[in-house]
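Please put together the full structure from these sequences, using the hints given.
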Amino acid sequence: MTKEELLDGVKRMDGQPVLVLGDLIADIYLDGRISRISREAPVLVLEEAGEKVVAGGAANVANNVATLGGAAYAAGVIGGDSGGAGLMDILESNGADTCAMVLAKDRPTISKTRVIAGGRATVSQQIVRIDKSSKEPLKKTTEAVLEETVMGILPSVSGVVLSDYGNGTITQHLRKKIFGFCRDNGIPSIVDSRYDIRSFPGTGFVKQNDSELAAAVGHKLSTADETRNAAMHLIKLLAAKGALITRGEDGMMLYLSDGTACDIPVSDVSEVYDVSGAGDTCVATFITALAGGASPAAAAVLSNIAAGIAVRKRGTATVSRQELTEAVKSARREAVLC
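Numbering (the numbering used here), first residue to last: 1188 to 1525.
Read the hints as simulated data drawn from the structure, not as lab findings.
Misleading hints may appear alongside valid ones.
As the list claims (entries may be wrong) - Heads up, simulated SDA-like pairs for lysine to any residue below, C-alpha to C-alpha not over 20 Å straight-line:
(1) Lys1516 / Asp1201
(2) Lys1190 / Gly1480
(3) Lys1428 / Ser1386
Just so we're clear, the structure is a prediction, and the values are computed from it rather than from any experiment.
Okay, structure coming up:
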């Protein structure tokens, strides 16, 4: 495909309504300045210098859809805490619709709090991470409100992402209803599940990194043929249209149910700062491009280029439509062939 075709794909992403349902995660960064050693225990005493909330998980996918120019609907469950409020503020500031972010006062917002310590003469570094989530299933009342809201939004969207980080937001009943609606109405869908991709039959596409794919099929993937066979097995198992497999420094592979395979090399070999959230950017770009009418191959190439931008930013990051446009224009020729 040509750069002109890809640029047209970027333009078509503008305003495309995309529903993102899943585990909404607050990535919280607590900055502290080293003050002294505690008298109570041999640990650092930090003076708090600042707190920052960043969208993670499904919230990061929705945030990327919004910054790429799509009309994002963020759906999931948050608690009545600072993490949930922070996610609402971030998403709404980028124009995402948060009406399907259901408040559940009986459970906390899923959060990952990173404590960062530093001083005048030392480099700041993470010293501990504190994770918080509920292990209990959603209450029936919470699940019913989420389902009613999501099913009310579905007729208005042209793409759906299910972002599963293992926290139980996407119930079996809800995923079946969503896939049925998407199938009956020709709406493209994709699932990104970290631990349980095999439990999402009926999805349009799946996204996995190579290690997740290996876990899904139960054995190591040492060769290109083994990776292809594993992807095709997963496609058949889920009755999906295709699988997008990310491979780190080796780029991406797109496999389609008709046997087509597309090898997509990394779009930029410049320094990688942080891979956190690059998969979210990948999924957001892929589905928003599909929603705009791009072919799966063109959507995959665009998602690869967008992920290449994200990994050059620190922490979970978003990619703007302008950044993607400029990156397509400057991409090496082999990075846009598929």
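The hints, checked one at a time:
1. Lys1516 / Asp1201: 18 Å, holds
2. Lys1190 / Gly1480: Holds, at about 16 Å.
3. Lys1428 / Ser1386: 16 Å, holds
In summary, this structure violates none of the numbered hints.
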